[in-house]
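Peer 1: Listed here are the chains, written in short residue letters.
Number of protein chains: 2
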Amino acid sequence: MSESKKISVLGAGNLGAQIAYRAAFYGHSVTAFDISDDAISAAKERVKKIAGNYVRDLDDVSEDKAKAVVDKIAYTTSLEEAARNADYIIEAVPENLDIKKDTYTKLAEFLPEETILLTNTSTLLPSDFKDATGRTDKFLAYHFANNIHIANVVEVMPTSDTDDSVVEQVMEFAPTMGMRPIRLHREHAKYIINSFYSTWVDQARDMWVLGVADIETLDEVASMLAGTQQLAPFLAQDNTGLGVAYQITKNRAETGDPLAIEFSRRLKEEFIDKGHIGKESGQGFYIYDENGNPTGLSDAAKKKYPPVDPAK
Amino acid sequence: MSESKKISVLGAGNLGAQIAYRAAFYGHSVTAFDISDDAISAAKERVKKIAGNYVRDLDDVSEDKAKAVVDKIAYTTSLEEAARNADYIIEAVPENLDIKKDTYTKLAEFLPEETILLTNTSTLLPSDFKDATGRTDKFLAYHFANNIHIANVVEVMPTSDTDDSVVEQVMEFAPTMGMRPIRLHREHAKYIINSFYSTWVDQARDMWVLGVADIETLDEVASMLAGTQQLAPFLAQDNTGLGVAYQITKNRAETGDPLAIEFSRRLKEEFIDKGHIGKESGQGFYIYDENGNPTGLSDAAKKKYPPVDPAK
Chain A
1 MSESKKISVL GAGNLGAQIA YRAAFYGHSV TAFDISDDAI SAAKERVKKI
51 AGNYVRDLDD VSEDKAKAVV DKIAYTTSLE EAARNADYII EAVPENLDIK
101 KDTYTKLAEF LPEETILLTN TSTLLPSDFK DATGRTDKFL AYHFANNIHI
151 ANVVEVMPTS DTDDSVVEQV MEFAPTMGMR PIRLHREHAK YIINSFYSTW
201 VDQARDMWVL GVADIETLDE VASMLAGTQQ LAPFLAQDNT GLGVAYQITK
251 NRAETGDPLA IEFSRRLKEE FIDKGHIGKE SGQGFYIYDE NGNPTGLSDA
301 AKKKYPPVDP AK
Chain B
1 MSESKKISVL GAGNLGAQIA YRAAFYGHSV TAFDISDDAI SAAKERVKKI
51 AGNYVRDLDD VSEDKAKAVV DKIAYTTSLE EAARNADYII EAVPENLDIK
101 KDTYTKLAEF LPEETILLTN TSTLLPSDFK DATGRTDKFL AYHFANNIHI
151 ANVVEVMPTS DTDDSVVEQV MEFAPTMGMR PIRLHREHAK YIINSFYSTW
201 VDQARDMWVL GVADIETLDE VASMLAGTQQ LAPFLAQDNT GLGVAYQITK
251 NRAETGDPLA IEFSRRLKEE FIDKGHIGKE SGQGFYIYDE NGNPTGLSDA
301 AKKKYPPVDP AK
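Here the protein sequences line up with chains A and B, keeping their order.
According to the UniProt record's numbering, the stretch in the first sequence is residues 1 to 312, in order.
According to the UniProt record's numbering, the stretch in the second sequence is residues 1 to 312, in order.
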């Protein structure tokens, strides 16, 4: 196999733990950094669960193989140790500008000259914190989707300062950790996947809130249009989790969009507050049986709400 | 089979001819109306071609069966004749408010009391011409997609004046002409399908014009996300035809959107003016072989254009 690299992942939360596991699964030497021993313990639990997902979801991944990978990941609460000899740093700390800037500023003291910095940031613009890295030519976005082992694409997105040769190097690196790289030429806040996906789902949210059509109709038409159920917008939100959907629509609501305001209100009051947060909880827009299959709409999804007047 | 209805289709252009053929195929008594003998001749040619498409694309449609349907359609340039005894009128005249109002106003003189009026309008709001019908309770949208025999869904969209029982009747009528009805509860300018589809494709157009990613990348990511190639935005535009794409983006350009302005400029100058109008012409964003399969990007699609600065 190709040369094993030294990769440090900063932030071992949901995505960070998946990134660390993926790189280790493909034979790289991985250190996962987080801010406290408690955070490390939580990360270790996540990693075990991820290993189980590999066995469950992928062909030819035995329990032994998956577990061997678990044992290969090193953990640290020291940025200095994370930085030592790192070929690549993949940053997945919380989506907070101060936290990101602070992390990179501290990291800069310890970094070898050649280390390439990759951020998984999803809601912040890399250019907004690139200066904290001290090496904008070697810094770019490397953005994953959830369930990396299934959606194994990574969006490679440079800023205007990123060196072309660095981008090319990262494009060649991605397959060595089992990722299909998607090449963006310039910064785009929502990347490619979310530009398509979030606008698609927002159309559905708006049509539901406007009272144009029922949830079942919207999911059926979307599925027919795409040719698969993958883009059924309400099924998809249940899959991703309604907490995530709430965060996203709350951001849109904060711009004053009345349709987003009403959608996030319904999500919170009719679903989330009642513990119905999607497939994982057994209920969201749909009700799920013990095998995780949707058996019908939930009452909150079937309910007739007073429609919102269109903004225009 | 269910009771054969008397259906008159007003306007036997691309969609009108398909609608007439479909209704006749399913055993209804169909009259197609258009404004002149020349228009009728053109309609007859279209209908012949549509019959060929049924044979080509559907299982169990023999040439004899398809041709027998062709012979069943009656034609007229008289609105009075079209109106006579009609159970349903399906209106597919040009997307021009004056033409629609004029058609309905003239029609109203001749219509039996019980006739239900259905409009296929796609860019105009039915409410903007409903008063010309003189029977807003019996008027609603009945909106098809292109290639009806393949995309056999019809969006059933009432105005605020449409009687519920009429909507229900139309929902029951649709399957008798081989259409799956989609129920909208209120008017929505883009209906459901185009709300999803046009925003999806607009995302791709914008990302191309912004220089965020190449056409191949955008089509690949979209296909991966949807799970099929059905929603590959540039392939899809080639399928529908770049003339249509140009009309659509020109409308958006007229609102002053700089990305739409640049996209429609490229479409016109780099594609359409050179005769490259999509799959039908053998070339659009992709080049097509004699079997209609894409063999690679066209030069105009591969060209590096100066990117447009984002509007914000």
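Be careful, since some hints might not be right.
To give an idea of the chain B side of the interface with chain A (calculated C-beta under 8 Å), a few residues [to be verified]: (1) Ile35; (2) Val61; (3) Ala66; (4) Leu97; (5) Ile99; (6) Thr105; (7) Trp200; (8) Gln203; (9) Val221; (10) Gln230; (11) Val308.
These are computed hints drawn from the structure, not numbers from a lab.
Ideal Cβ positions, reconstructed from N, Cα and C, are used throughout, including at glycine.
Peer 1: Each of the hints needs a verdict: does it hold here or not?
Peer 2: Hint-by-hint comparison with the structure:
1. Among the interface hints, the one on isoleucine 35 of chain B is violated; its C-beta lies about 34 Å from the nearest C-beta in chain A, farther than the 8 Å criterion.
2. At about 22 Å, the closest approach between the beta carbon of valine 61 of chain B and any beta carbon in chain A exceeds 8 Å, and the interface hint on this residue is violated.
3. For alanine 66 of chain B, the suggested interface contact is broken, since its CB lies about 25 Å from the closest CB of chain A, more than 8 Å.
4. The closest approach between the C-beta of leucine 97 of chain B and any C-beta of chain A is roughly 19 Å, which is over the 8 Å cut-off, so the hint fails.
5. Because the closest C-beta pair between isoleucine 99 of chain B and chain A is about 26 Å apart, greater than 8 Å, the hint is violated.
6. Nearest Cβ of chain A to the Cβ of threonine 105 of chain B: about 29 Å, over the 8 Å cut. The hint is violated.
7. Of the supplied interface hints, the one on tryptophan 200 of chain B holds, with its beta-carbon coming within about 6 Å of a beta-carbon of chain A, less than 8 Å.
8. About 5 Å separates the beta-carbon of glutamine 203 of chain B from the nearest beta-carbon of chain A, less than 8 Å, and the hint is met.
9. The interface hint given for valine 221 of chain B holds, since its Cβ lies 5 Å from the closest Cβ of chain A, which is under the 8 Å cut-off.
10. For glutamine 230 of chain B, the interface hint holds, the least distance from its beta-carbon to any beta-carbon of chain A being 4 Å, beneath 8 Å.
11. For valine 308 of chain B, the interface hint is violated, since its Cβ never comes within 8 Å of a Cβ in chain A; the closest pair sits about 11 Å apart.
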